[in-house]
Amino acid sequence: MDRTNDLDFADFVAVQTRPLLGLAHALTANQHDAWDLTQETLARLGERWGRTRFDEPAAYARTVMVRLNIDRLRRLRRELPLLGGPSEEAPVDVVGDTDAWLVEALATLSPRQRTALALRYVEDLDVRGIAARMGCSEGTVKSQLSRGTERLREHAREHGPLRTTTGDTA
Amino acid sequence: MTEQQIRDGFERLDSALAPPLDAQERVARRVTARRRRRRATVAGGTAFVLVAGVGTAVALSGGDDPDGRTIATDQPPGPTSTLVMTRPDGSTVAFPDVTVSCDPPVANGDQPIDTPTPDRIWAYSPIEFSGSIEDDDATVSKPFVLIQGIVSELEGGPVLTYPIEGPGGSSPEPINVFIADTEGAPDGNELSSSVGDTGTVRVLEASCEPVPTLRLEVSGTLGSEEGKQSVVLDGLLR
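Going down the list, the sequences are from chains A and B. Here the first sequence is numbered in numbering that gives the first Met the number 0, starting from 0 and rising by one per residue. Here the second sequence is numbered in numbering that gives the first Met the number 0, starting from 0 and rising by one per residue.
Calculated directly from the structure, the hints in this document are not laboratory data.
Label-pair ranges, simulated between beta-carbon atoms:
1. Glu157(A) with Pro157(B): 43 to 51 Å
2. Thr160(B) with Glu137(A): 22 to 30 Å
3. Glu137(A) with Pro157(B): 21 to 29 Å
4. Arg146(A) with Ser218(B): 40 to 48 Å
5. Ala184(B) with Ala9(A): 21 to 29 Å
6. Arg237(B) with Ser109(A): 40 to 48 Å
7. Ala131(A) with Thr85(B): 32 to 40 Å
8. Arg146(A) with Arg6(B): 13 to 21 Å
9. Gly49(A) with Ser151(B): 28 to 36 Å
10. Ala17(B) with Arg52(A): 25 to 33 Å
11. Ala9(A) with Gly108(B): 42 to 50 Å
To give a feel for the contact side, a few chain A residues facing chain B, derived at Cβ under 10 Å:
12. Ala23
13. Ala28
14. Gln30
15. Ala33
16. Ala42
17. Arg47
18. Trp48
19. Ala89
20. Val93
21. Val94
22. Gly95
23. Val121
Every residue gets a Cβ at the ideal spot worked out from N, C-alpha and C, and that includes glycine.
Work out the full structure, taking the sequences as your base and the hints as a guide.
And the structure:
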């Protein structure tokens, strides 16, 4: 990576870290995992920056993030300890409220269900767009959205009135 | 629970966190860590040394092989390799001695350099390095080729075109052709199909049962992972 590419990538990181962190938070419902996923996504782009031409780096980053999240239990647990990742304190700042019911409910969903819902409600993608990001069929996306949404509603019904709190399950 | 309530909840989740002020430095450190780990991978480096002890324990217990698909079998008679690397200056290196295995490759004769992983197959020429891993001065003693594939993704004999990438541009790729070359100051060169310019891998057979078998045809230019010179790798493994 030469200096020009370093500067380009630095600009990308400066602009994209916050929105990527937001998506990661929706994908994981966990501060630590959100930062970890954001950092890993950016690192993977940074590794390739200057060697690979990214037509739409922001969209590419989101695809990388989504697929890392789906596979992270299988893949990252093996990789991240070697990078000093999991033991690191999540350095993010909590600057807004989150809905405890949603955080709790998301924790009960499968990674694919959480991913489909996050792409729908945070990225505002339609079924086709979600399928492209997740690398699966539109039918699978519909199924994940349907089951995930129903699970959210079940959780809200079972756990009473909607509550608002700060922070989440770090 | 309305659609709007769910949407509002996600909006708050999206905006609840702010990254640290030193996010750029943290990302840069992780990029460096990933590169260092990749280099260590080539040289049988620190990461692999850490992994090797764990890997041995895991292999004995079978604890990392839920599907039972990592097979430790006697090696079949050695495959025939006509793989030849050609550098831009015309010099060539042949890799006639290739081992195919569904157990991780070993460096310097007996040091595992990866963890046992179900559904993986490797083909590699002798991997030798010198120097101290802990002192970060381990260097490859002679060029080697290392091919790693995911067996289930190589069924049906796919033809994969460079650059070969995994889902979303992330690893693992269905197959990765890697060369560690000794030329390329100051510490050699690392090249792979994931940054390859042009070329293909035609998979003829990939299987761990009854014995590890990987037959393929490689043709094309591997790109340098370090921004150095590219090399051509052509030939058959059968």
